Amino acid sequence: MSFINYASREINCKIVYYGPGLCGKTTNLQYVYQKTAPEAKGKMISLATETERTLFFDFLPLALGEIRGFKTRFHLYTVPGQVFYDASRKLILKGVDGVVFVADSQEERMDANIESIENLRINLQEQGYDLDKLPYVVQYNKRDLPSVVPVEELRRELNFTGVPDFEACATTGEGVFETLKAIAKLILIDLKKGK
Amino acid sequence: MANPQMVMYDEEFKLINGVIEKLLRESNSKVIFLVDKNGQLISGVGDTERFDTTSLASLTAGNIAATGGLAKLIGEKEFSILFHEGEKDNLHISIVGGRVILVVLFDSRSSLGLVRLRVKKASEELTAIFGRLMQKAEEKEKSGDSDFPFAEITDDDIDNLFR
Ligand SMILES: Nc1nc2c(ncn2[C@@H]2O[C@H](COP(=O)(O)OP(=O)(O)O)[C@@H](O)[C@H]2O)c(=O)[nH]1
Ligand SMILES: [Mg+2]
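Same order as they appear, the protein sequences are chains A and B.
Quick note on numbering: our numbering labels position 151 of the first sequence as 153, and the sequence is numbered without any gaps.
Quick note on numbering: our numbering labels position 70 of the second sequence as 90, and the sequence is numbered without any gaps.
I should point out that these hints are in silico values taken from the structure, not numbers from a laboratory.
Fair warning: this is a prediction, and the values are worked out from it, not measured in the lab.
Beta carbons are placed, not taken as given, at the ideal position from N, Cα and C, and that holds for glycine.
Heads up, some of the hints might be wrong.
Straight-line distance between alpha carbons at most 25 angstroms, and here's what the computed DSS-like set of lysine-lysine pairs gives [unchecked claim]:
| # | chain 1 | residue 1 | chain 2 | residue 2 |
| --- | --- | --- | --- | --- |
| 1 | A | K194 | B | K156 |
| 2 | A | K45 | B | K108 |
| 3 | B | K108 | B | K97 |
| 4 | A | K194 | B | K57 |
Computed far set for chain B versus chain A, every beta-carbon distance over 10 angstroms [said to hold, decoys possible]:
| # | residue |
| --- | --- |
| 5 | M26 |
| 6 | R45 |
| 7 | Q60 |
| 8 | S78 |
| 9 | I149 |
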């Protein structure tokens, strides 16, 4: 839920990166962190296990600039992907303004993608959100790997509602900012429409 | 949308800061933060410069969300007060008016008893102010009289953010 502070002239929005385990959510945030000027970013927090798997969430605050004299901040969160962390995923979705679904393009992860998207829809519903009404984009990650599914097929399986979608390789950063920019734009347009 | 839009206006912002500044003095604490349940910092007073307030806000909200999840599992509505005791500094975290999180950081110059007592009083005042704030936001929305800054936002505005 965005927070508009007329007193300090700030607007805060929450973006959640969702997707199956190891699809590259944390890597997306790490790349954004690396490429963002020091004055525009806060500390990146990763609540991870000893083996670097996301345990609760990663958090990256961005203060990108001003629109109409309002400081515009985006708070980026990732969820833990493994099925058994479902309770944590629900908590992180609370107050979300926009969702990025990061799909793993590898053939063997197709079932995990589909399962994760269904899980996203259900968990949003539980919080009273409708995925079809929320700012939402899809990223097909790991395009650099050999065993990837063609984009048309991914689109058919994972993006049948036709939201903006992007090919990416989060390790090199390809497509990472395009994805972020697209979701930020949808969120701001949604705000503009007013509620 | 699942929740009403959270907004803050000048008038209430001043009132809120007045309450937490008083709480800071009367409880002899070091820093006080108010955080939205979604992890966004609303305000902070005291020695705020020494802390990464944005991270603090996000982790506090995560903490409240996680303990709230635990509460539900054992059949409680929520745990409205959390206390973390450190070697030097302690954190007293409480939920105000069901929606906002009040974080008080204090050391041995204060005590849990004193903090708890003062927080209780301040919470009542804050609950009333936030109640009025929500009402005001709703009224503004109904009457269409919102001074919402983004009504005229353009694609260029958005592109400029990512230069
Ligand atoms: N080849 C390749 N590996 C990637 C890509 N994105 C992420 N990875 C790797 O996939 C693994 C899991 O990534 P991580 O971001 O931790 O996944 P998360 O569970 O979604 O947070 C790591 O070893 C990353 O380096 C990509 O685009 N291409
Ligand atoms: Mg991760």
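Checklist entry - For this structure, which hints from the list above don't hold up? => result 3, 5, 7 and 8
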